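As they're listed, the protein sequences go chains A and B.
Under our numbering, read the first sequence as residues 1 to 510, first letter to last.
Under our numbering, read the second sequence as residues 511 to 879, first letter to last.
A portion of the hints provided could be inaccurate.
What the hints assert, rightly or not - Result set (DSBU-like, lysine-lysine): computed pairs, CA atoms no more than 35 Å apart in a straight line:
{"no.": "1", "chain 1": "B", "residue 1": "Lys-617", "chain 2": "B", "residue 2": "Lys-701"}
{"no.": "2", "chain 1": "B", "residue 1": "Lys-856", "chain 2": "B", "residue 2": "Lys-827"}
{"no.": "3", "chain 1": "B", "residue 1": "Lys-758", "chain 2": "B", "residue 2": "Lys-770"}
{"no.": "4", "chain 1": "B", "residue 1": "Lys-617", "chain 2": "B", "residue 2": "Lys-790"}
{"no.": "5", "chain 1": "B", "residue 1": "Lys-701", "chain 2": "A", "residue 2": "Lys-389"}
{"no.": "6", "chain 1": "B", "residue 1": "Lys-827", "chain 2": "A", "residue 2": "Lys-389"}
{"no.": "7", "chain 1": "B", "residue 1": "Lys-617", "chain 2": "A", "residue 2": "Lys-389"}
{"no.": "8", "chain 1": "A", "residue 1": "Lys-485", "chain 2": "A", "residue 2": "Lys-149"}
{"no.": "9", "chain 1": "B", "residue 1": "Lys-820", "chain 2": "B", "residue 2": "Lys-867"}
{"no.": "10", "chain 1": "A", "residue 1": "Lys-389", "chain 2": "B", "residue 2": "Lys-657"}
Hints listed in this document are in silico derivations from the structure and should not be mistaken for laboratory results.
Keep in mind the model is a prediction, meaning the values are calculated, not measured.
Below are the chains, spelled out letter by letter.
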Amino acid sequence: MGLLTNMFTNNRRKSRPMLKKSVLTPQPVFPSVQENIQFMQEALFHTDDLLRQTVSIPGHTSEFLFMYTMCDQSKIREEILKPILDNRDGDLEGILISMRANRYDDLEKVIDLLVKGYAVLFIEGMEECFVIEVKSSHVRSVTEPNNEKTVEGSHEGFVESIIINLQLVRKHIENRNLVVKRYKLGNETKSEAVIVYLQNLANPKLINEVDCRIQNIDADNISSAEIIEEYIEDKSFSPFPQLLHTERPDRVIGNLLEGRVVLLAEGSSTALIMPVTFFAFYQSPDDYSFRSLQGSFLRFIRLFSFVISIGLPAYYIAVVSFHYEVIPQDLLLPIKRSVEHIPYPPILEALFLELTIELLREAGIRLPGPVGQTIGIVGGLVIGDAVVKAGMVSNAMIIVVALTAIASFVVPSHEMSASVRMLRFPVMVAASLFGFFGIVYSVIIILIHLCILESFGTPYFAPVAPLRLKDWKDTIIRFPQWMMKQRSNDPAPQKLDLQRSSGEERQGNE
Amino acid sequence: MRLGIILFAACFIAMLLSGCWDQQLLKDDRIVYIVGFDLGSDGKLQTTTAILDVSGSQKGMKPFSEIHTVSGYTSRHNREIMDLEVPGRVSASKVLVILFGEALARKHIYPVLDVFYRDPRSALNAKVAVIEGTTRDAITMKLTGTKLISEHYNKLIKSAEKATNVPNVNIQFICSPLLDQGDDFAVPYIKIAKTPSINGIALFNGDKMTGTLSREESMLYLLMADKLSKTASFTFEVNKEGKQNPEKYISIDVQSIKRKLKVNVQGNRKIQVPLDLNLKVNAIEYPKNHLTKQILDRLNKKLSKELTRKAQVVTQKMQKANHDGFGIGRRIMAYYPNTWKNLNWKEDYRKVEFVPKVTVEIVTHGIMN
């Protein structure tokens, strides 16, 4: 016991209590350049990527500082050196205007800007310093995101720059009601995040709630949208994701137009959509680019895949270990034959295969493309054939698990797919212990949880519970656009009506 | 703290393991596909079962039937004895066919079936049939094909059901007529010569077999009971003359039937049952050809007369066997309860006067004309 206690306690370390956010006292600019530079170097702890360069502005001793790792050399030439060269005899004001320099008198603020990739120009004898933007930026092209490919429709995708992402959104909603709210998050990282919404649609309470939750984040490190998600979601320990991730502008636009709020963060190409319901994770932009019937069919298949991926292995386990009476006569012989000489109980068989598939999936992600294929071959051959031949796993179980694996990847949203894959394990265990009874119980628990769950005050399982039949027009089936007279009620938009009669309805009247 | 963890673990494990108690793994159970009951020579009940044996690898290797015969006092007792012989646990939850030897069926069948009605796992859709001879011979019989013996009987009975040769019964369907005074059931009657073949039906009174009907009669019996299945075809001799033998015959297939059955009680004793059967048939074979209007009329009349005569034979046989397959007793119970009280149905059923009348109408006669 002593050893155990020691083992668990020997690495404890008391953290100093976090200080309250300290407001830095402003540091006025020193009159001498040398002093200023000295101060800045001290403040940045003589980091080696901080460079100083003297420039000769006629009549002034001046020097500027920049962090070369953050700055674009050609921009420095263009924005700082060129105006000075061009205005050899001009006055200082003219030079500064053509530099597009901003004046600052507080050195503390300037430090933050310096770190972001601005250059600071100090001029001897001046009470102010001048900050010029020379940030270097590397933006990849607006290509279709890999994990949300569609067949038809827009092929744009978000990138890691918030400005470009916002532009992609604004381009499609040219509306004065589109509002962007900026936040600086993270006491250390100070990363930028914005929420976007339509002022005349999104519910003010919702905006308030989102705003409040974001303001409440008091953490040192906020570096991406996914991290913000964990701070603002309702229940972190729920298996179901409560915010929809997407890298597709069209999906964001569609949701904005339903009165939802979208969060974008600098440095991540993922937009978070809130509030969302369970069914939002089963919608894909493809549904809308296909016609209504085809779209409904696709959506039906996806929801069916949810049932399969949660229930099928559990059902099979329950059947072969408790209720084999339900197997039809003609099917009994093949199944009996395949399970006859398996040494393990069905649950172990299933866990073994499921875990193998998860392993293969995880290994496939990490491996580079050409090697990834070998994993597929090895997995397919070894798992599919040799394991059966060796008599460790039955044929029927392979079919069941393979079907389940396929079904779990049908979900358009990656997080939902992961949570569904995780959820089936408890159901399987329950089925192996109590048969159908166990399945029913675990499914009831899942349903109860779905009904309780909320996402920013919106019931997660709407429109099924609470029931609103009008909203079913865009959940399990997708009605033609002209029939969706109202927006879905789950984000409680300010305007419910979406359109008056048009389309086929109108044509009939004329 | 430590105690708490142990208690929690104990509760958790107890909760989880409790389910395993009811587990019955498919891989461990031995599945009985067919079971036959006979009256043993010493008065005991003799049970013969064929158990599915899927030895060998997962593919290839055709399954075998492992056959066991034991005798004991009751069917449950026999199963217990059999469990001692069979490696693995015997499970009767997927029984396809339950066969009765004629000797046993003529005595009683309910005591044998009782266990099937009590066990929640028993296969209520198992087919029931009576074997002319012993079921032991029927089950141990070597078949020429590769089918399992159980599958053979199951498919034999099922195809006969489709052709309206035998009634569609299983142990669930026969349960209520088995115990009902005013209703009786009939099951397929199988003859085993070189191969098993359907040889009409066995008529029951209560839980005793009391008579049989031939294949043609049983078909008519089923039509009269308004139980037309997919097809029902008869072949009759209609022409005395004809160049060749086939030309004397006509084959008809019943397309639809309309049955009117009334129970008239006159006085308090005399029960008359007019039974109007209207058959719309398809002439599926008439080698003589030339089905003109006149010939059709003549054939209609002839067939009606023939079938009416046969229907009378059927009702006579039913009454002789005391078999109330049309549920006349039920109707009397429902509509004439006072009469029913005064009746001794076992005796009085024979006095019921059946007046069957069959009308045949050839409505179609093939694609040519």
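Now the hints, each set against the structure:
Taking the CA atoms of B:Lys-617 and B:Lys-701, the gap is near 19 Å; set against the 35 Å cutoff, the hint holds. Distance restraint check for B:Lys-856 and B:Lys-827: the Cα-Cα separation of roughly 15 Å lies within the 35 Å cut-off, and the hinted pair is therefore satisfied. A threshold of 35 Å between alpha carbons decides the hint, and for B:Lys-758 with B:Lys-770 the separation of about 32 Å falls inside it, so the pair holds. Between B:Lys-617 and B:Lys-790 the CA atoms are separated by roughly 40 Å; this puts the pair beyond 35 Å, and the hint is violated.
Pair hint B:Lys-701 plus A:Lys-389 does not hold up; C-alpha atoms about 44 Å apart against a cutoff of 35 Å. Only pairs whose Cα atoms come within 35 Å are accepted, and B:Lys-827 paired with A:Lys-389 is rejected, the gap being roughly 60 Å. The hinted pair formed by B:Lys-617 and A:Lys-389 fails the criterion: a straight-line CA distance of about 52 Å is larger than 35 Å. Distance restraint check for A:Lys-485 and A:Lys-149: the Cα-Cα separation of roughly 29 Å lies within the 35 Å cut-off, and the hinted pair is therefore satisfied.
With a C-alpha separation of about 10 Å, the suggested pair B:Lys-820 and B:Lys-867 falls inside the 35 Å cut-off, and the hint holds. The straight-line distance between the Cα atoms of A:Lys-389 and B:Lys-657 is roughly 26 Å, inside the 35 Å bound, and the hint therefore holds.
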